[in-house]
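The opening position of the sequence shown corresponds to residue -16 in our numbering, with each subsequent residue numbered one higher.
In case anyone wonders, no lab produced these hints; they're calculated from the structure. Accuracy of the hints is not assured; some may be wrong.
Stated by the list, open to error - Simulated pairs of lysine to aspartate or glutamate, EDC-like, Cα-Cα distance not exceeding 20 Å:
1. K323 - E267
2. K257 - E357
3. K379 - D468
4. K379 - E464
5. K257 - E312
6. K379 - D395
7. K411 - D447
8. K213 - D282
9. K1071 - D1060
10. K475 - E464
11. K213 - E169
12. K323 - D282
13. K323 - E340
14. K475 - D395
15. K989 - E1034
16. K1083 - E1034
17. K177 - E206
18. K986 - D1031
19. K475 - D491
20. K512 - E464
21. K719 - D755
22. K905 - E867
Quick caveat: nothing in here was measured; it's all calculated off a predicted structure.
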Amino acid sequence: MLSIHPSRLDNTQATMVQFQAALAIKEIVVREYSLYKPEDITSLKHYLLNYCLQRPGVPKYLGLLHLFYLSAALDHPVHTSFTSILGHRHHYEAQLPRHFRCGEGDNVHECEGAIGDGATWGKVRLRDWYMIWELESFLTLPPRTADSRHCARQRSSGSVLEHQSVKRWTELGVSSQTHFLLRLFELTLTTLHKQLSYEQHAQDLATGGRGVTAPLENLLLRESVVLAEKILQWEFETAVDEGGRILAGTFAKQAIEEDEVFSAATRRSAAFPKTWRGVVANREVLWLFFTLYTLAQEDTVMSHRCRQCLIQLSGLKGELFESDHAAKEYAGIMMHGLLKLINNFSNKPVDDESAFEYGPHLLGITQMIRRLLENISLASLCAVPPFFQFLNEVAKISSTCLRDTITNEVEDEWSMEAFDECLETWVKLVDDTQSYTTHAGSTAAAQRKGSGGAAPGVAMAPFDVENLNQFLRGISYHVVETYIDTRLELAKFAVQNEEEEVEGGFKDWDTFADQLISIATLARLDPSKSLLQLQRLLNDRIERLKRFFETGIGDESDQILAFLHEHLNWLILITAHVLADSGAGEKPLVPDALMRLSVLQTASGVDNDQVVMISRTILGLLEFLSSFNANSVEASYCSPRVSETLFWFVKRWAKSYLLVDESEYGFMSPNIAKAFGKPSPSDGQGFQVLDFLIDRIRANFVLWNADPDVLVQMVQLLNSCARTTDLRNGLLRSGKFPALITFFTENIGQLPEIIHNSLVQCIATISTGASDSQVQANYFNLITDVIEKRLASVLHRPDFTQTYQTGEVLSQVQNAMEVCKFSHDLPMTIGTALGHPTDISKSQMFDGLALACETSNTTTIFSFCSRFFGSFVQLLSVYSSVPEVQLLILQFFSDLVQYLDFTELSEEQKQLLYNSVVELMKAYSAANLGKKRILTQEEEADEPYGDISTILGMLSSVMASEFEGYARNDPTPVKVPGTVNVSDVVFYGINIVIPLIELQMLKVPKLCSQYVRLISHLVEFFPDKLVGLPSLLFDNLMASLEFGIDHDIGEVSRLTLQAISPLALWSHNEEVRRGSDTVKHLQGPLNKFLQNIVELLLFKDFDSDLTEAASEALLSLICSQNAFYAQLATALVAQQAPALQPRLAQAFRTLDAATPKRLPEILFANREVTGFKEAMVAFLMDVRAVLRVK
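Take the sequences, apply the hints, and build the full model.
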């Protein structure tokens, strides 16, 4: 067969026959490879390569198909003797270098010679060269980046591409990148250099030497640039596993998933092997691409490809260079080239109607700048003569980007993205400069700080550091000033276009967070000038706003007001970022630069301190906008967006400044301490400011009672105070806070429903911090009295049994039980969904209490909520036909179980809760068993199958309560007889929920993960409970585990394997202790698990991250089911071809030798499993690839 199909190719011109012959060759390569001698395969390889090179008329898709199958033949690991791949690596090395490296009379050498003869090179040779590149691609391209159509085709026929992965991760694969691909790149550069010379000469003749560029028509030049781009964008792999291998058919740990494509495309460094440094950092090579880019400006496609090449070349890492001198030389070349590009760019008007692409060109330049300055050390950059001139030009480019966002509507997105690149570049330079410090006096070299303050030896002269600091201060302020002006100017367009909030509900401080944080970093480099500019603009806009409130007339009054609001919104946002950090997860301190500035202004007094002044200015604006009656004319002039931003500012600012703790700072500004600090030791006025804010919150709750965004922001401010110790204590100490809580509880019915949950949670959290138990009890009583009264008003209606199904009563019940998952969610209310008016004030308080649970208040909250457990269970039964009510009740129990601290509950309280959960599950089962779900509608919901998901979460929390304080490898805690048995509760719940779950539901990833996680943990921690389970429940549990072994979601597979391991281990140890009869009910399922895991490891696609979990599971199963394992291994060996059987049998014997005969109670990954895991990986490396190809 191997000789027949080439003859068919030689004797036909019909493309269909050629295509079928190519497919037949594929079948030979994949299916019958082991039947042929190595020299036959080598002959086929030579034939296919020559066929492609000598027949220019063959359609390209056929040529590439032949080359692909040629690469498969070169890569195929199976040999007639079936010895290991690595054992025959020399065979492939003997083949590949002759065709891709040596150039001794072979085809590539022929191509090289043709390339050298530029005058005779034509389209035929060009196409041959391009196919050689395609061959090289398939030889070294990993499966994750190969053409998807080829991948799909090869998976269906035995996964030939997986063997390319094997070779790629061997030494040969790495060598092909570092040497063969380098050889190919050198040949490409030779072609580019010669063709560029021809092209420049031709253009000089065409334009009379006037330097005018024209579109490039040289096809060889164009395709060579394509080839160079592909090589430069190659993802070089430099790391391998311990054995330099990866399993065939596994997914590489560094595989690029679909959601990682963007990050990979924007990677800011190029990891070329060190053997490439003489080429990619070569002066002539760099100038070659700069020249090409300049020449291709009028050609959109060519300029894009040349630009991508330069972007890659601008990201060379410092460690690539053999010396600091080489890094400086490279940086100097790049700076000169970029200065030339910037100069050419500056001479191109924005509205140029030629083919010149302004936006992409601008973005490309900024990307090159960023990559260069981020990858070369600051010490090396400062030593390059044109560095400061280069930075000046970068500053001009930054201003150009901002200017273009205003003046050029067509290119504004490109310009803003380019500005982001510039901004990140400046921030990196500032951070790097600040990381240098002077040691041992002013004459010592400045060392860059390492981890823990250690200096890694990268030195700069103090003079250079100071010069750079001074230069960056001036540049930074210029960038900040331009950014502020640009934002204010863009506000005009936002008002004119009546732009609303960004889609998706994101606020400006979220959408522009990265920009604002970077601007704040630059502003703090020269804080005095930055704050002065912001203060001036704020004073102007506030004064104009106040004048408008006094007059409020004019034909364009609405637009003027909108301008002022938009300007104030952005000025507040920028000021907030300059003054304070977000402090996610920790309390942010006052920025060091601002603290130092304030200290320097101590003599000027607190009223003239810039930091204090601008803070007071914004607080004064809040006071002004809060001073109007809700029904007044002035209130109609107020902007909810500005008010929301003001409270967001206060939330961010207060964590750092309000009631500042002087003990947290090495030095403290007297002005800040006096204006916003505690009464002691600095006579601070922080408590007066806090009282002021309480008054403002109350006033704005009235003013904006119908605007949820402002109210939510105020609740978030209170919640921030609740979680900051000093602010929480300050609220509890304030004489105005009790009145605020009373105001909330008395008027909560008039407030939007979306804040009820978080408001109650916030109040409960603040109250918990009260040191006086009576004060704490008083606050809780205020909350619980309101909840109880409003719930009782529904349940104690005299006519409830007659009217419970009416729309009015149903709405009230839903209001009483409404639940939000998190305090910051903004869900549609159930009443609205049913078409009924809603007022959910009573209900969200219950969940707010549940979410506020912590160690100190668990007992109090549980004592109150437990009084209503029976009522809630009865409500679920009453409303058995209203799934919305059921979901609300289930969610309340789920949140309560999740957030309670069970270590604070007595056994009686736990018993009450668990019994209530059982009764709840009974009522839910009675209401839903046998009901038909409309699955398509469920899956279209925001939370598909919300009731099932909530039950699974609740049962998981119940089970977790049994193991608080225990690690995974600890023995299952033993309960005292007569106490609560958590496992019975969870098994009971599982028995109810399993019949309600259909296979279609498990296609929802979240639900599937929840379900398998619960089952896995249940089996893992309670294997002894499986003995007495009803047969149907037992079978369902085992089927669920079987379902999860080979699941598409890696986490599901991992959890399943982690559950099977202790189950098999328990069975093994029980059989040793008590005999096989005690575990005979597990024999069938465990045999099935063993068979499925072996099939997964040997024959199916396998995530290598699961190796450890699979090792534990397989080891436990082998020890537990040793007889069945022996039968399984014997059957697998017998199913293989005779030539393969000895190899496979020996592999099993080697694995058996590494398998312990007895296992302990618990497997520890670093002890018993380690040796077996290594043996298993060796076993799979030996036989997996062979078994997967039939």
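Hints versus structure:
Proposed proximity of K323 and E267 is supported: the alpha carbons are some 16 Å apart, at most 20 Å. Simply put, K257 and E357 have alpha-carbon atoms about 19 Å apart, close enough for the 20 Å limit, and the pair holds. Taking the CA atoms of K379 and D468, the gap is about 16 Å. The hint holds against a cut of 20 Å. This hinted pair checks out: K379 and E464 have alpha carbons roughly 13 Å apart, not beyond 20 Å.
Proposed proximity of K257 and E312 is supported: the alpha carbons are some 17 Å apart, at most 20 Å. At most 20 Å may separate the alpha-carbon atoms for a hinted pair to count; K379 and D395 meet this at roughly 17 Å. Annotation: proposed proximity of K411 to D447 holds, straight-line Cα distance about 17 Å (limit 20 Å). The suggested pairing of K213 with D282 holds, with an alpha-carbon distance near 19 Å, which does not exceed 20 Å.
Restraint check for K1071 and D1060: the C-alpha separation of about 19 Å stays at or below 20 Å, so the hint holds. For the proposed pair K475 and E464, the alpha carbon gap of about 18 Å is at most 20 Å, so the pair holds. At roughly 13 Å between alpha-carbon atoms, K213 and E169 fall within 20 Å of each other, so this suggested pair holds. Pair hint K323 plus D282 holds up; C-alpha atoms about 19 Å apart against a cutoff of 20 Å.
The suggested pairing of K323 with E340 holds, with an alpha-carbon distance near 17 Å, which does not exceed 20 Å. With a C-alpha separation of about 15 Å, the suggested pair K475 and D395 falls inside the 20 Å cut-off, and the hint holds. Under the criterion of a C-alpha separation no larger than 20 Å, the hint pairing K989 with E1034 is consistent with the structure, at around 11 Å. About 17 Å separates the Cα atoms of K1083 and E1034, which keeps this hinted pair within 20 Å; it holds.
For the suggested pair K177 and E206, the alpha carbons sit about 14 Å apart, so the restraint of at most 20 Å is met. Taking the CA atoms of K986 and D1031, the gap is about 10 Å. The hint holds against a cut of 20 Å. Distance hint between K475 and D491 is fulfilled; the C-alpha atoms sit about 16 Å from each other, no more than 20 Å. Restraint check: the Cα-Cα separation between K512 and E464 comes to about 9 Å, which is no more than 20 Å; the hinted pair holds.
Between K719 and D755 the CA atoms are separated by roughly 17 Å; this keeps the pair inside 20 Å, and the hint holds. The straight-line distance between the Cα atoms of K905 and E867 is roughly 18 Å, inside the 20 Å bound, and the hint therefore holds.
Taken one by one, the earlier hints all hold for this structure without exception.
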